[in-house]
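Trainee: Make the complex out of the two chains shown on their own, each in a separate frame, by following the hints.
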Amino acid sequence: MTELVLQALWSGILTGSSYALIALGLALIFGTMNVINLAHGELVLLAAYVAYTCESAFGASPLLAIPVAIVIVCVAMALTYLLVSRIRANRELNSLLLTYGIGVMLTNGMLLLWKADIRSTKSAWLQDAVVLGPFYSMRSELLFFLVSVVLIAGLWWWLTRTWAGRAVRAVASNREAAKLMGIDPHRVELVSFLVAGLLAAFAGAAIFSFGVIQPALGTSLTIKAFVITVLAGMGSVPGVLVGAVLLGITESLTTTFASSALQELAGMVLFLFVLFVLPNGLFGTRWRH
Amino acid sequence: MQRRALIGIALAIVLYALVPLAFAGNLYLMSMIVAALTIGGVALAWALLGNLGGLVSFGHAAFFGVGSYASALLVMKAGWPIGGSLIAGGVCAALAAVLVLPALRLRGPYFALAVLAYAHIFRIIATEWKGLTNGAGGIGNIPRFPVVFGYDFASKTGGYWIVLSLVLAFAAIYAWVRDSHAGLALRAMQHSEDATRAVGVNSQFLKALMLFLSAFMTGVMGAFNAHYINFLEPDYAFSGLWTMLPIVAAIFGGYRTITGPLIGAVVVYLLDQLVFKALMPIGHQIVLGALLGAMILFAPEGLLSLFRRRRLQQGGVPAAASRNA
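Chains as they are written, first to last, in my numbering: chain A, 1 to 289; chain B, 1001 to 1325.
Here chain B stands alone, though its shape is the one from the complex (with noise of 0.2 angstroms):
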């Protein structure tokens, strides 16, 4: 137990300083940790779907961009204070998804598809309600993150700690329901979902829960790129790329962990911008659709848990292991 506090607390310097530190002066590579760090929120809370709810969405950028847009209107035409209408956008967010309830009836395949068209109607509405969202042309000059204790957190420093907060606390909220009575009952879910309401689990319920908490968490990080980036516009914030990346994400790093989709979306995005955007500067997501293709076909369960079921063939702790599951 020692042990892990001690490694706790070291990874919390190291990312909370050291990284810093050592990249402040690379405004753009900074930038780049940033936005990988948004992007890992939402394959975090992808994954939770996933993992927890057994339910595949192709339709998170809907949460997102719900989650900016509120946010980003309700700082600007409501006079809200930043940190508020973070968790107001998520609200927000999780709000929408109650308009995507009706499809928890539907199974598997079809509740993805059901989200997947979703998505578009937001995007659509986005761009059409133009009194509120000024359509096409988009929000601009939206405030800033504010000056702290003396501290600008509109810089890019800031950013990073703010996202990497926000990201830190999606992993322990997490880790929490998962452990939990009703995590408990989600993953026998997994198993049998006859066996498990037959003993008095509410299966849709907590299902039904866990879409909630996924659109919050995705809602926060869209709100939180709104006053990061400080522009939006509907193609941008309802932009597709909001769910293909988390997923390729989720999928590489493993999306039955917690710290796999993190990993996985610093090693996607980063390899996606600064490697094969570089090679190719159109059409470089190609490469990740063959990644997300060729995990599916040869590690479905992500990288991360392919090195680890390795190292518990060369007899490392079964417990370890199991507390990943």
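Next comes chain A alone, as it looks inside the complex (with noise of 0.2 angstroms):
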């Protein structure tokens, strides 16, 4: 019994890790921008595709995609950004809707290319067991934690050591003070959609690398990304590290004592539950009326 917990623990940690990137990502861009990015898991699930096309086209490692995947993922991330500062009037509703419609072609995009199949990784190397102690996992689970933490660690001391880094949360704390400090909003709005295509790219590969991908797959990360966020409350990123290993957590516990298939719904209660109980996330003061 402990060991299951244990071991649905330790998953979840791994997993959860993954999940913080592709939170920070949108948590990054709604700090800067005010701007909920609804295409954002599809953007995620579109670097999962090119590793998958990598491996199955190519032969090569899902891993050696990661390059490619940044490049495509950052491309299009800078049109979707290019698209949305194009928004002139009531923004926070309009870029809602304009980012929905990018999903919605994305995942289309998707459908068309890759058909609706089911799609996982073939690579015995990345989907071997790993025995730490008493726990288990696969390679390519333990792996993407480790990039993850590297990437989580690096995204830290930009944030609080770069020049860029600075004006990030400088614009997001306050535009108008940041613009009197000679920081270009808009030059900055693009570097965090940049940055949060880079994280996503390492996310969709450490999905397709650990679990199984179909074009329907882009709004369930999405909707993850933004409980986490909600979890975190806003604009706290040791928030959106804890809500996001809790999501990854409650999500292992469940599929151990309950069934995979209740998995999700058991996200979406923790949701409700922080939605009801700590309006505020765990963390957060700022998202509220």
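Keep in mind that the hints were calculated from the coordinates and are not lab data. C-beta atoms are modelled at their ideal positions from N, C-alpha and C, and glycine is treated no differently. Check before you lean on any hint, since a few could be wrong.
For the chain A half of the interface with chain B, some residues (derived, Cβ under 8 angstroms), not all of them [stated by the list, open to error]: (1) Ile102; (2) Met105; (3) Gly109; (4) Phe273; (5) Leu275.
Mentor: Structure below.
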């Protein structure tokens, strides 16, 4: 029993780390531009399909697809930014509709290119079991956990120690004051989209390496990222990490003790609980009325 | 006034008599029109919530699915008559909307996303609650519309008359709400919610009412569709298409008008099914996504209002345009 719980906790932390990459991207864009990118999950999925194509068409490891995925997803992110920045009136709501439309295009484009079939990696090396003390996992899970930790640490360093990262935080906390300090907010917005794209590319490769993908998955990835940001409370990087791990653990506990079909529902119940009981999230204060 | 009444009567004759006469022979086209009107009804409900309530929802599929399952199950398991079950389907959808209420506390974009998550929850529940819904296997042989006064309403034309009447009734309700005191308060809230609250308007209550009304209408459309199609499964009843198509239709036609979403639904759905689908069988909705994006960028008030504005500039009657504001 205890072993099962510990194992579920371990798996939850491993998947949660990839969720964190997705949610951080969503939160970053929301922070700088006050725009929720409803196509975010689809862009993550696009990276996953790039990894799939790399493996199925060229026989290369999904890991080698990451640089290609970064380029493709970042270009898509930049295009999304260009379109969103052209909205003049009522940007908060119109950007939702616009990115929703982009999401619909991406989903159908993926359907067109890769069909509705469920895909997963065929690499035995990635799927091999790795035993660490009492904990089991796939090699891909452990690998991408480490990658996520490095990326999150890097993001943390970038946001707190570099000029560009500080500019992102400045625009997020007070756009007008940031302008007065000589920061070009448009440039910062673009940078936040590109960084989100970078994180999304890694997350996509991760999801393909230890899970299954199909074109309809995009929406549920966006929802997961949203649930995490609600758990976290807006504008809190540690909150996103805790929220992501919490969601991962909730899902893996449900899979272990109930059924995998209910795992998404469990995440939603967590979401409702936070919405009712802690409407400010675990760490945030800013996003309510 | 008399001219308006004449136009109304002429329109009613065209819609109720001429359309069925012209297309009844072509069952495929007739079923396309019925589906377009079903989506039009949801688009109208979605636009009502957006225009009067100021809320953008990405989860109307939840209300549609709840309405369709509720009506089908009430008829099949509790022996309700189909007319009553349509209303009950709407009521159940409105009850489901109660669960969305905590999301009303959230600011605009968060509400939109929260409702998206809710739609997901309802689909999973419908899939997993096998005792009630038969899970992913779905429900077949849902009772059809009955024969009334010797006319079989289960036919394509019968379905057309029912859905047309529902949609027109919804449009009338929408117009009535918009022109009521509540509608005035709701429109004032669009400009400044704080100022409206200051003069004693309970803004949260009015928004919640609009949410219930929108959910009710969507639920009734779902219930209609269940008895018209006679088959339900969670992935169909709660499909994201029931959210996506109405949004594209309402934005295309102009979500701040009453006729816009309906005309938008007919145009968008028929284009999608008869043209785009013929050109590319898979993934044809990519065009609808592009259409939605283009509308938001170039004509966020909808194509109809674009025409209307042009007419206005050419010396039309301003009062006619402001009625639809």
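Trainee: Hint Ile102(A) vs chain B: min CB-CB distance below 8 angstroms?
Mentor: Interface hint status for Ile102(A): holds (6 angstroms vs cutoff 8 angstroms).
Trainee: Please verify that hint: Met105(A), Cβ, nearest Cβ of chain B, below 8 angstroms or not.
Mentor: holds (4 angstroms)
Trainee: Does the closest beta carbon of chain B sit nearer than 8 angstroms to the beta carbon of Leu275(A)?
Mentor: holds (5 angstroms)
Trainee: Going by Cβ atoms only, is Gly109(A) closer than 8 angstroms to chain B?
Mentor: holds (6 angstroms)
Trainee: How about Phe273(A): closest beta carbon in chain B under 8 angstroms, or not?
Mentor: violated (11 angstroms)
In this structure, the one hint that does not hold is number 4.
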